[in-house]
Amino acid sequence: MATSVTAPPEDAPRTDPSRRGWRRLPVVHQLRQSVGLQRGMLVAGLMLTGLFLLTALFAPLLAPYGHAQLRDADGPFGAQQPPSAEHWLGTTVGGYDVLSRVVHGSRTAILVILVAIVLSLFAGVLLGLVSGYFGGWLDRVLVVVCDAVYAFPSLLLAIVMAIVISGGQSSLFGGILAAAISITVVFIPQYFRVVRAETVRIKNEAFVESARVVGAGHWRIMTRHVLRNATRTLPLILTLNASEAILTLAGLGFLGFGIEPTAAAEWGYDLNAALSDVTSGIWWTSIFPGLAIVLVVLGLTLVGESLNDLADPRLRSRRAAGSADTAETPVVPGGALDAGPGGLDGIEETHR
Amino acid sequence: MTTAATELAAGDPAQEDAPAARSRRGSGGLGSYVLVRFLLIIPTVFILVTTVFFLMRSTGDPITAALGGRLTAEELAQRVSEAGYDRPLFVQYLEYLGNVFTGDFGTTLSDRRPVTEVLTTFGTATLELAVYALVVAFAVGIPLGRLAAYARDRWPDAVLRVFAILCYATPVFFAGLVLKLVFASGLGWLPVAGRASTRAEIELQFLDDPTGIYLVDALRLGDSEVVLDVLEHAVLPAVALGLLTAGVFLRLVRTNVIGTLGTGYVEAARSRGVAERRLLRKHAYRPALIPIITVIGLQVALLMGGAVLTETTFEWKGLGFQLAQYLQARDFVAVQGIVALLAVIVAVTNFVVDVIAALIDPRVRY
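Going down the list, the protein sequences come from chains Z and V.
69 is the number that the UniProt record's numbering gives to position 69 of the first sequence; each next residue is one higher, with no gaps.
328 is the number that the UniProt record's numbering gives to position 328 of the second sequence; each next residue is one higher, with no gaps.
Just to be clear, a hint being listed does not mean it is correct.
Quick list of simulated restraints, FRET-style, between CB atoms [to be verified]: (1) V:72 <-> Z:262: 25 to 31 Å; (2) Z:281 <-> V:273: 33 to 39 Å; (3) Z:223 <-> V:95: 43 to 49 Å; (4) Z:262 <-> V:210: 44 to 50 Å; (5) V:186 <-> Z:137: 57 to 63 Å; (6) V:135 <-> Z:134: 46 to 52 Å.
Residues from chain V that face chain Z, not an exhaustive set, calculated with beta carbons under 10 Å [claimed, not checked]: (7) 48; (8) 127; (9) 131; (10) 166; (11) 181; (12) 184; (13) 186; (14) 285; (15) 303; (16) 306; (17) 308; (18) 309; (19) 312; (20) 313; (21) 324; (22) 327.
Read the hints as simulated data drawn from the structure, not as lab findings.
Just so it is clear, CB atoms sit at the ideal spot from N, CA and C, and this is done for glycine as well.
In isolation and in its complexed conformation, chain Z is listed as follows (with noise of 0.2 Å):
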């Protein structure tokens, strides 16, 4: 009887247009396509990003004491206390709560990551729009600058970046905003290739001549027909761009050009500080800040990854049918955090 009583309601949203819509959106279509070892790891992978955004959304709540706190009532903490019940993970050389620290230090990353994304999106997509779309002089001098740019060390021109901006020591928005540009330079080739790519082949195909013929303006094609069939491989990038972006704000960190401890919490500025623990044998205050890291890059490789793969029939058919030297390489990973000409020329490829 509970089962008749329940099941109408199961059934109807099925039919209704605004559930289905639901399960169209990006990831949740995914999610019901994929089986197996596929499932899982695009549900690995989004419980890791769930956990890191929510963890991020409240840190304030999670973390018990304050980014750059040293001290509560009971006087300091001390430093490089082993963990205890004040103090879970530990307190690290510079007497901060490491877990508090941690917690912290996702804001921070998202922080950086959206802004890194944003930037990079607009610029990227607006030259590779701009570059594939008239052609000409301007497209082969943004081409040789950002194969340039491309093939070089992303972390040495973001430390370059880094110091431009900042001159290397910064305030939370000021080392923010210049940690979030930095990598942006880094970031603007891989948008723009991909646009241009896309947008050369789309601005041959007959329904652009059409809107050409019957009178629409070179913004209104750029803007209506070709871009918003030119950004069919953005959710990847973005995504392996967002772990990309955590690993490059790490290592300015590590470097000491991230943004100062008392500003805000940072994973990389704070695995730089425990470098000198790791002789002593004091674990603590490395191990937690690196996990966190790791994981958050874990959880977003493996939806990219997961989007890529299923996402994509052309790749899953290509790698099926055998060459899979060109069509791999833009969704290795490693590969992607400095592609370089080859990742996305197998991008290109697949579209001639």
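Starting from the known structure of chain Z, fit chain V onto it as the hints suggest.
Same frame as chain Z, but now just chain V:
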């Protein structure tokens, strides 16, 4: 060579008729390819050197950056004008470009050494580390990738794929810290940091005309204790940096072997009754290695970035370690020089790798 070429052609059905068309052009195709590819280095290096110059200079002159708080305004102005930093930026740029062209990258501000000298002294250490890391990457990535392909969609495959993603998700410096915690300060099996113990370093200095590559020098010295010491110091940094690339190799080999296992000629061999193991070893494995060569070019850039972090973690006194020191000292002339040199290294390596790839695989020379 001919069998390799046929296997390759079979490896990509779309390209099956390509070798016939290419062979008509013969080796002339390779020659012009190499030339064009070589000429492409010039704009790449030029753009990078120019970009780095203007970016670094947009913050002001290096002397103010390095000594800003320590000198009075007059002293500062005098030093700036002595070094010629008060001239128009474009004039300085042309001079810098001319100097770089003749191999002069300037003099460091903090310790007054020619940047080229810094580069030759510490470059060898970075080279040594990069080679070790590549050895680790090959030794770990290729066999495991093959195993994962062989066990496709079974548990070893799942474990290895997660391992590969972990290799990527772990920052090199964190990998280094964990390795240090476990094997150096924990178990005490390996040294914590440095390229050699003090005693070994002193012994190595007695060698006249040292190469700077410690392993080579130690071998020339013929002292087995020093050789062992140098190798012991290299293990942890090489593993930390090598695992990053190993993950990439693992995935690449896995996908490519799975790809070649599904091709027509493997199917044909299977239908002739060739054993599954032999199919994997002889037919599918070798052509799957070729894309690795192309990826090495990209990995060099990754390794250079990783070397900066690894060297800092392990106090490995190479270019990356030195770069971090100069960054701390705000010595931007040195930073600019090292970054420019690394740009040249990356560009040249990519060229060499592309040429090797073209020699092996005729399809590359389009």
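Quick rundown of the hints versus the structure:
1. V:72 <-> Z:262: 25 to 31 Å: Since residue 72 of chain V and residue 262 of chain Z have Cβ atoms about 30 Å apart, the given range 25 to 31 Å holds.
2. Z:281 <-> V:273: 33 to 39 Å: violated, 59 Å
3. Z:223 <-> V:95: 43 to 49 Å: Taking Cβ atoms as reference, residue 223 of chain Z and residue 95 of chain V lie about 45 Å apart, which means the hint holds.
4. Z:262 <-> V:210: 44 to 50 Å: For residue 262 of chain Z and residue 210 of chain V the Cβ distance comes to about 45 Å; the hint holds.
5. V:186 <-> Z:137: 57 to 63 Å: holds, 59 Å
6. V:135 <-> Z:134: 46 to 52 Å: holds, 47 Å
7. 48: Holds, because the Cβ-Cβ distance from residue 48 of chain V to chain Z comes to roughly 5 Å (cut-off 10 Å).
8. 127: violated, 15 Å
9. 131: violated, 17 Å
10. 166: This hint holds: residue 166 of chain V lies near chain Z, its Cβ roughly 7 Å from the closest one there, short of 10 Å.
11. 181: holds, 5 Å
12. 184: holds, 8 Å
13. 186: Holds: closest Cβ of chain Z sits about 7 Å from residue 186 of chain V, inside 10 Å.
14. 285: Interface hint status for residue 285 of chain V: violated (14 Å vs cutoff 10 Å).
15. 303: holds, 8 Å
16. 306: Status holds, d = 8 Å.
17. 308: holds, 6 Å
18. 309: holds, 6 Å
19. 312: Holds. Min distance 7 Å.
20. 313: holds, 7 Å
21. 324: Because about 5 Å separates residue 324 of chain V from the closest Cβ in chain Z, which is inside the 10 Å limit, the hint holds.
22. 327: OK, holds: residue 327 of chain V within 10 Å of chain Z, min 6 Å.
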